[in-house]
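Following the hints, put chain B in place on chain A, whose structure we already have.
Chain residues, written in single-letter form:
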Amino acid sequence: MRLDPRGRSHPAYIAFLVHRLSGLLLALFLPLHFWALGQAITGEAALEGFIRWTDTAVLKFAETCLVVLLAAHLAGGLRVLALEFLGWRSSQKTLVAASAGFSLAVGALFLLNSGP
Amino acid sequence: MSGPQLWMLQRGSAMLLALGVVVHLVTIMVAVRGGLSAAEILARTRGNAAWLAFYAAFALAAGLHGAIGLRAIAAEWLGWRGRGFDLAWMAVAVLTAALGIRAAYGLYSA
Chain A
1 MRLDPRGRSH PAYIAFLVHR LSGLLLALFL PLHFWALGQA ITGEAALEGF
51 IRWTDTAVLK FAETCLVVLL AAHLAGGLRV LALEFLGWRS SQKTLVAASA
101 GFSLAVGALF LLNSGP
Chain B
1001 MSGPQLWMLQ RGSAMLLALG VVVHLVTIMV AVRGGLSAAE ILARTRGNAA
1051 WLAFYAAFAL AAGLHGAIGL RAIAAEWLGW RGRGFDLAWM AVAVLTAALG
1101 IRAAYGLYSA
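For the record, the sequence lines run as chains A and B. Under my numbering, the first residue of the first sequence carries the number 1, and numbering increases by one thereafter. Under my numbering, the first residue of the second sequence carries the number 1001, and numbering increases by one thereafter.
For reference, chain A alone in the conformation it holds in the complex:
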């Protein structure tokens, strides 16, 4: 059976894909994040050295992407929970748009707050 390809442009499918890919990237990043933090937190000087090591434009960009991914996965996950446990089916497009807006707003807030 072939699936109707028109479904792939539906906001709910795009939201499913964003939720899945953000979850995949976060799940792969998580052990690395925990391991690096565990290595760094042996004292204040070691942690400070690790933080200063991350003070580059490339890593700042990566951090912003991770914050956006985390916010996107949170918003998408709340949408899934609302759908499954509360039966909120009628306003899916609005919830998808709100999730996207929330993720980008969190990313912007992170960038605005970052730096000295």
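By construction, these hints were calculated from the structure, which means they are not laboratory data. The beta carbon of each residue, even a glycine, is placed where N, CA and C say it ideally should be. Warning: the hint list may mix true and false statements.
Unchecked claim - Simulated restraints, written as ranges between beta carbons of each label pair:
| # | chain 1 | residue 1 | chain 2 | residue 2 | range |
| --- | --- | --- | --- | --- | --- |
| 1 | B | T1027 | A | K60 | 16 to 22 Å |
| 2 | B | F1085 | A | L109 | 34 to 40 Å |
| 3 | A | W35 | B | R1083 | 23 to 29 Å |
| 4 | A | L109 | B | L1009 | 39 to 45 Å |
For chain B alone, kept in the frame of chain A given last:
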């Protein structure tokens, strides 16, 4: 563990993580304001049992949630199914949670 049990665990951990991620994102915003520094982070977490409990529970929920999610993706996209894979994902969950709790303890004891 059966499919429905894993589904419940995934949704239960998601509910816990929803709260945890909100706290984490707010903490990130506060921490990076004016520049991230070890002194500021440790001033908040060092010797603080409440933060230790929060981060340990957060790490446990994240480790479980991530591994169950990876298991579902691997089964659907790669066809990786069966007892051997289930045991491997359980190991990923335990290892990730253990690394997270180790980091949380580091923030408490540093």
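These are the hints, each one checked on the structure:
no., hint, in the structure
1, T1027/B with K60/A: 16 to 22 Å, "holds (18 Å)"
2, F1085/B with L109/A: 34 to 40 Å, "holds (39 Å)"
3, W35/A with R1083/B: 23 to 29 Å, "holds (27 Å)"
4, L109/A with L1009/B: 39 to 45 Å, "violated (32 Å)"
The earlier numbered hint that this structure contradicts is number 4, and it is the only one.
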